[in-house]
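Asks: Based on the hints, put chain B in the right spot on chain A.
Here the protein sequences come in this chain order: A and B. Each residue of the first sequence is one higher than the one before, counting from 57 in the working numbering. Each residue of the second sequence is one higher than the one before, counting from 20 in the working numbering.
Hints were generated in silico from the structure; no laboratory data involved. Watch out, some of these pointers could steer you wrong.
[As the list claims (entries may be wrong)] Some chain A residues well away from chain B (every beta-carbon gap over 10 Å; in silico):
{"#": "1", "residue": "150"}
{"#": "2", "residue": "152"}
{"#": "3", "residue": "153"}
[As the list claims (entries may be wrong)] Now the in silico label distances, taken between C-beta atoms and shown as ranges:
{"#": "4", "chain 1": "B", "residue 1": "158", "chain 2": "A", "residue 2": "108", "range": "13 to 21 Å"}
{"#": "5", "chain 1": "A", "residue 1": "148", "chain 2": "B", "residue 2": "138", "range": "44 to 52 Å"}
{"#": "6", "chain 1": "A", "residue 1": "151", "chain 2": "B", "residue 2": "33", "range": "49 to 57 Å"}
{"#": "7", "chain 1": "A", "residue 1": "134", "chain 2": "B", "residue 2": "105", "range": "22 to 30 Å"}
{"#": "8", "chain 1": "A", "residue 1": "151", "chain 2": "B", "residue 2": "130", "range": "35 to 43 Å"}
{"#": "9", "chain 1": "B", "residue 1": "110", "chain 2": "A", "residue 2": "153", "range": "24 to 32 Å"}
[As the list claims (entries may be wrong)] Stretch by stretch, here's where chain A covers chain B in the computed footprint (C-beta under 8 Å, at least three residues):
{"#": "10", "region": "35-44"}
{"#": "11", "region": "110-120"}
For glycine and all other residues, C-beta sits at the position ideal for the given N, C-alpha and C.
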Amino acid sequence: MNIEWYIVLSALLFATGAMGILIRRSPMVILLCLELMLNAGNLALVAFSRMVGNGQGQIFAVIVMVVAACEVVVGLGLIVAIFRRRLPLNVDDLRELRG
Amino acid sequence: MEAVLFFLAAIGALGGALGVIAMRNPFYSVLALIVHLFSLAALFLLLTSAFVAAAQVVVYAGAVMVLYVFVVAYVGGGGESAWEPIPGQRFLAPLLGIALFVELAVAVLSSSLLALGTDGPDVNAGFGNPAAIGRLLLEKFLLPFEASSILLLLAAVGAIVLASNRRQTS
Numbered sequence: 057m058n059i060e061w062y063i064v065l066s067a068l069l070f071a072t073g074a075m076g077i078l079i080r081r082s083p084m085v086i087l088l089c090l091e092l093m094l095n096a097g098n099l100a101l102v103a104f105s106r107m108v109g110n111g112q113g114q115i116f117a118v119i120v121m122v123v124a125a126c127e128v129v130v131g132l133g134l135i136v137a138i139f140r141r142r143l144p145l146n147v148d149d150l151r152e153l154r155g
Numbered sequence: 020m021e022a023v024l025f026f027l028a029a030i031g032a033l034g035g036a037l038g039v040i041a042m043r044n045p046f047y048s049v050l051a052l053i054v055h056l057f058s059l060a061a062l063f064l065l066l067t068s069a070f071v072a073a074a075q076v077v078v079y080a081g082a083v084m085v086l087y088v089f090v091v092a093y094v095g096g097g098g099e100s101a102w103e104p105i106p107g108q109r110f111l112a113p114l115l116g117i118a119l120f121v122e123l124a125v126a127v128l129s130s131s132l133l134a135l136g137t138d139g140p141d142v143n144a145g146f147g148n149p150a151a152i153g154r155l156l157l158e159k160f161l162l163p164f165e166a167s168s169i170l171l172l173l174a175a176v177g178a179i180v181l182a183s184n185r186r187q188t189s
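So here's chain A without its partners, still in its complex pose (with noise of 0.2 Å):
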């Protein structure tokens, strides 16, 4: 398979992540559509690795894992700390940071 059949199948799988964003209001579901694009810029990096040939690109790819691990811990504590303190878990209702 061509490479480029890989980034576009990327940029859709990162487009269809940004739309979730765009649509759900739940915090737990957002985070999940993070992940999404996280997964597709993955996707992007080793795809760009095969097509050099070298395997630094995928040294990249495991650092976004770490890092992917590291936001859904804090996400995670975030939405149990949110829910301990009964507030409700909708995005558009936790606005007191809005400026």
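Replies: Relative to chain A, chain B alone:
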């Protein structure tokens, strides 16, 4: 054969991604994301990067998704209200998504990367296996490796602080 596998995995990845944003119940969204992650691991295998595929299955589909399932079970999957702060948000968002995809696709396909239209160069059998990744990670990319370990530690401490049950002092 490779094309068939690619399209099967691509359909799985795209279907999983659409399932994540279409399901009302967050629990089903997490299950759709697991389908997506397994399909993505298959795509990584097609790109001859075995270690990244294995890490994807073990770290994401294993550990991170279990964390998600726990939190969804703890918080409970409430339905979302139908109220929209911006009128027509539900219809504007797909338009923006399609525009983003077209823009990305045009930007990639019109770039002057000549190797994009090829299958990539022939690589030796050890390309992307754990030994090659480990050598790169511990020789060339030692500093990012150590920095990511500090980041993981900070994230673990931060999650404990955020989710701990202490009383608010104010």
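Asks: Decide, hint by hint, whether the structure agrees.
Replies: Results of checking the hints against the structure:
1. 150: holds (12 Å)
2. 152: holds (15 Å)
3. 153: holds (15 Å)
4. 158(B) - 108(A): 13 to 21 Å: holds (19 Å)
5. 148(A) - 138(B): 44 to 52 Å: Check passed, 46 Å falls within 44 to 52 Å.
6. 151(A) - 33(B): 49 to 57 Å: violated (33 Å)
7. 134(A) - 105(B): 22 to 30 Å: holds (24 Å)
8. 151(A) - 130(B): 35 to 43 Å: At roughly 40 Å between Cβ atoms, residue 130(B) and residue 151(A) fall inside 35 to 43 Å, so the hint holds.
9. 110(B) - 153(A): 24 to 32 Å: For residue 110(B) and residue 153(A) the Cβ distance comes to about 28 Å; the hint holds.
10. 35-44: It holds, with 4 qualifying residues against the three required.
11. 110-120: holds (count 8)
Checked against the numbered hints above, the structure breaks only hint 6 and satisfies the rest.
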